[in-house]
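Enquirer: Construct the complete structure from the given sequences, taking the supplied hints into account.
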Amino acid sequence: MHDKTLSELAAGLASGEFTSRELIQHLLGRIERLDGELNSFITVTSDAALDAADRADAARAAGRAGALTGLPLALKDIFCTQGVKTSAGSRMLDDFVSPYDASVVEKLAAAGSVSLGKTNMDEFAMGSSNENSHYGPVKNPWDLTAVPGGSSGGSAAAVAAGLVPAAMGTDTGGSIRQPAAFCGITGLKPTYGRVSRYGMIAYASSLDQAGPMARTAEDCALLLNAIAGHDLRDSTSVARGVPDYTAELDAPLAGLKIGLPKEYFGEGLDPAVATTVHEAIEVFETLGASVREVSLPHTHYAIPAYYVIAPAEASSNLSRFDGVRFGHRCDDPKDLIDLYERTRSEGFGEEVKRRILIGTHTLSEGFFDAYYKKAQQVRRLIRQDFLDAFEQVDVLMGPASPTPAFDLGAKSDPVSMYLQDIYTIAVNLAGIPGISVPAGFVDGRPVGLQVLGTHFAEERLLNVAHRFQQATDWHLRRPAFAEENA
Amino acid sequence: MQWETVIGLEVHVQLATQSKIFSGASTAFGAEPNTQACAVDLGLPGVLPVLNEAAVAMAVQFGLAIHAEIPEVSIFDRKNYFYPDLPKGYQTSQMYHPIVGPGVVEISLDDGDTKRVRVHHAHLEEDAGKSLHEDFHGMTGVDLNRAGTPLLEIVSEPDMRSAKEAAAYLKAIHSIVTYLGISDGNMAEGSMRCDVNVSVRPQGQEAFGTRAEIKNVNSFRFVERAIAFEVERQIELLEDGGEVIQETRLFDPERDETRSMRTKEQANDYRYFPCPDLLPVVLDRAYVDHLRETLPELPADKRARFQNELGLSAYDASVLSATREMADYFEAVKDACGDAKQAANWVQGELSGALNREGLAIQDSPVSARQLGELIGRVIDDTINGKAAKQVFQALWHGEGENADAVIEAKGLKQVTDTAAIDAMIDRVIADSPAQVAQYRDAEPEKRGKMIGYFVGQVMKASRGTANPQQVNALLKEKLDALC
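Residue numbers (my numbering), protein chains in the order written: chain A, 1 to 486; chain B, 1 to 484.
Treat the hints with care, since some could be wrong.
[Unchecked claim] Once the Cα atoms are required to be at most 27 angstroms apart in a straight line, the calculated DSS-like pairs of lysine-lysine come out as:
1. K130/B / K334/A
2. K374/A / K79/B
3. K171/B / K130/B
4. K353/A / K79/B
5. K215/B / K115/B
6. K390/B / K414/B
[To be verified] Here are some chain B residues the structure puts well away from chain A; computed CB gaps all over 12 angstroms:
7. P158
8. M187
9. R201
10. P366
These aren't lab readings, by the way, just hints derived from the structure by calculation. Yeah, the Cβ is synthetic: ideal placement off N, Cα and C, and Gly gets one too.
Expert: Given below as structure tokens:
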């Protein structure tokens with residue numbers, strides 16, 4: 001059961017092959033047995049999951065089953081979940097039980113899905129390896145000495161290891177696509193504004209976006225159907241109709257114009273990854289697509305611009321963690337300043353503190369114009385690069401990450417870690433959607449192909465990814481770790 | 001040396017919306033602590049603000065009322081600082097692109113003159129909560145009911161030159177916002193607070209002196225007193241060869257002084273940047289035009305109309321237009337009696353006196369505008385005289401009778417205009433006052449005019465105040481002169 005995709009599981013539930021309770025029990029057992037090693041979950045909500053499974057089975061018996069009824073999934077621990085600890089991977093929120101549900105959580109529950117729990121992540125979504133978690137690093141199911149990527153590392157690893165068929169992630173600079181690539185699964189970052197951010201603990205508000213992580217593009221489409229749409233509680237969510245994202249999955253790719261940004265194939269790209277990606281692109285040519293080189297000339301400014309804008313927003317977003325109303329509070333503060341200083345020093349990890357400091361600095365009087373304002377100008381140029389490219393081609397393709405998953409502990413220097421996101425970060429700055437699909441392996445570690453489209457081109461991206469998965473079997477490979485001997 | 005005072009005001013007006021500026025929680029005053037703070041007001045992880053359209057409409061109405069530019073686009077910024085009653089660690093405000101651009105407020109001064117005070121801009125922002133230091137030993141309580149209440153901060157140019165002008169400006173703002181109904185203007189409950197920027201400079205000097213900002217002054221009287229103290233402090237300092245330092249000060253009404261809170265060096269760097277959770281506010285012309293068309297008549301227009309169309313004096317027009325309630329009451333009285341001057345006299349005289357004695361607001365007057373208007377009507381049509389009218393007013397005030405006519409009937413106050421009846425009363429008074437008649441007869445004719453008062457008084461007394469005084473006067477003179 002744990003090898004099946006969401007749509008296969010849906011068929012199994014519909015035909016009565018198994019019940020939701022049986023399915024959930026099976027997966028809870030796997031989590032119990034495998035996750036001690038993997039560390040992909042922070043909280044497993046077994047009782048609530050079994051209750052929800054029973055309700056789903058009852059609904060199905062009563063003929064009220066929807067697209068996701070009884071289907072299991074997991075939520076990155078950044079989505080506020082009523083009555084459940086929601087930590088954002090931080091000591092700061094180790095004791096925080098959310099009194100409300102995030103919009104995404106609400107919608108997934110309303111669609112009948114069953115959450116098994118909350119997945120591990122880099123603290124406040126800041127990181128590219130899941131090593132910045134208060135709850136310890138997550139291991140990559142393909143190689144337990146490798147990182148799963150980040151920040152949605154727990155979600156990616158849980159899906160890859162067959163603990164859940166799908167999970168929700170968030171992507172601020174690549175946090176869905178890069179771990180999806182590292183763990184050999186499919187991850188979609190929708191257009192900024194496509195999915196409500198209400199109840200998603202904010203890292204960088206103008207960049208954060210929730211999206212699905214699953215085995216296939218088809219499953220991502222099913223999940224996007226459930227979570228996309230305007231939300232009156234999020235002013236930045238876009239009032240635009242939600243198509244059925246599964247409708248165009250099989251559309252033929254003949255005539256598709258693919259652009260390869262030359263900046264995505266240059267220095268810093270692992271040659272073996274380059275070869276793998278080129279081979280994947282050849283598959284599209286056999287499907288009738290044409291390929292040409294394009295340029296995104298401001299690509300090399302993306303990381304510096306991101307590391308001004310994201311920390312600036314983060315420094316402000318994380319001010320609410322002050323020990324006054326919720327979350328960690330230091331023992332016996334002697335006065336207000338002591339309360340703030342010790343609470344925040346103890347509650348936040350190193351990377352979070354680093355970004356708060358960077359952000360506080362770049363917003364300071366005398367530096368604002370040179371950093372924040374300039375970065376926003378750069379951001380507009382980067383967005384324009386993409387818009388210009390999409391005048392010439394339908395989609396852009398390239399690697400999701402310059403290397404396959406690296407070893408745990410390999411990147412101790414923050415800047416070398418930041419450079420991991422070179423191919424994903426500009427996408428968030430531009431607000432466009434991107435998807436990472438499994439495209440092969442290098443030394444036993446998965447490689448992801450990234451496909452980018454213009455704003456609200458999710459249907460197209462899912463179609464392109466789905467046709468690729470019809471023609472290849474990379475997404476069907478399972479790590480040895482997932483094969484239980486028991 | 002002669003010193004000139006320069007004053008600018010930042011007035012924070014709490015807008016009378018039902019719910020908060022970025023959440024659905026109620027804004028009602030006086031609830032139990034933290035019962036009117038929802039997840040958004042508490043700044044819980046993951047929550048997002050949604051702008052309250054009513055607050056936008058109110059801000060625009062204010063802008064239109066002061067003839068300000070209304071920019072098409074305004075933008076919310078975050079003002080970052082830590083404080084326990086500021087849940088998110090930042091206040092959402094408008095730093096660079098406020099909703100209301102430059103405008104003008106006309107103030108009226110005691111000498112009847114008016115002066116124009118320029119408004120630099122007005123912006124929307126959220127209020128913080130309240131820190132409660134008294135009730136908790138060695139700890140501070142935080143009440144977030146007020147957190148997220150919409151405020152319109154109105155920033156003036158440094159155009160005021162005295163404490164009186166500052167108070168007049170504050171009153172003018174108060175009057176505009178209450179006329180518009182966008183605030184209850186209740187200063188005691190904190191619905192209007194102001195920060196006062198004060199500096200002094202030698203008379204004739206163009207450059208401004210260094211200013212001090214006095215925070216959170218919350219009454220008209222305190223504004224005047226705080227400025228008076230601060231001006232004196234600054235002048236003394238300068239005359240002793242010292243220097244005013246730029247700082248934030250606090251007014252202590254109990255000691256009647258201002259005290260230093262923090263200097264410029266200690267000032268926060270608020271790290272303003274555009275709030276990424278809120279879209280820019282874009283106002284289309286039709287929306288602004290619609291608000292313009294539905295604006296009520298404003299104090300300045302009303303004052304001008306009272307003066308020009310109703311023929312009231314500048315003073316009367318100003319007093320009667322000071323609040324919307326006052327103006328509405330006055331106009332209802334005027335409509336009921338048909339005489340603006342009489343209505344003005346009664347509202348400012350008998351009615352205001354009675355209200356002041358009992359500490360009532362005009363909207364709580366036991367005598368309705370219609371009752372008062374009808375009463376005045378009975379004076380105008382000679383049914384009663386002025387003295388009786390005051391009796392009728394008192395009766396109405398105490399709820400004795402539904403209207404003037406009922407009281408007049410019940411108390412028999414109808415004026416006697418029957419010549420024969422008056423004749424008879426006069427004859428009796430003359431017959432009963434031989435000594436006074438003799439004095440009158442012996443007096444020089446030019447002194448007799450004053451002496452007639454005694455006889456008028458006796459006749460009025462005899463009539464229990466109901467005789468028509470003019471008639472009594474004329475008939476008496478005739479009869480007494482006939483005796484001479």
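Enquirer: When you check the alpha-carbon spacing of K390/B and K414/B, does it fall within 27 angstroms?
Expert: holds (13 angstroms)
Enquirer: So if I understand the rule, the pair passes when the alpha-carbon distance is 27 angstroms or less; does K353/A with K79/B pass?
Expert: holds (20 angstroms)
Enquirer: Against chain A, does M187/B keep a CB gap of more than 12 angstroms to every residue?
Expert: With a cut-off of 12 angstroms, M187/B remains clear of chain A, as the shortest Cβ separation is near 29 angstroms.
Enquirer: Per the stated criterion, does the least C-beta distance between P158/B and chain A lie above 12 angstroms, as a non-interface residue requires?
Expert: Non-interface label stands for P158/B: nearest chain A Cβ at 23 angstroms, farther than 12 angstroms.
Enquirer: For the pair we were handed, K374/A and K79/B, check the Cα-Cα distance against 27 angstroms.
Expert: holds (20 angstroms)
Enquirer: Measure nothing beyond the straight line between the CA atoms of K130/B and K334/A; if it is 27 angstroms or shorter, mark the hint as holding.
Expert: holds (21 angstroms)
Enquirer: Between K171/B and K130/B, is the straight-line Cα distance small enough, at 27 angstroms or below?
Expert: Holds - the C-alpha atoms of K130/B and K171/B are around 26 angstroms apart, at most 27 angstroms.
Enquirer: Would R201/B pass as off the interface with chain A, using Cβ distances and a cut of 12 angstroms?
Expert: holds (27 angstroms)
Enquirer: Evaluate the condition: distance from the CB of P366/B to the nearest CB of chain A exceeds 12 angstroms.
Expert: At about 47 angstroms from chain A, P366/B clears the 12 angstroms cut-off, so the statement holds.
Enquirer: Is K215/B close enough to K115/B, meaning Cα to Cα at most 27 angstroms?
Expert: holds (25 angstroms)
Checked against the numbered hints above, the structure breaks none of them.
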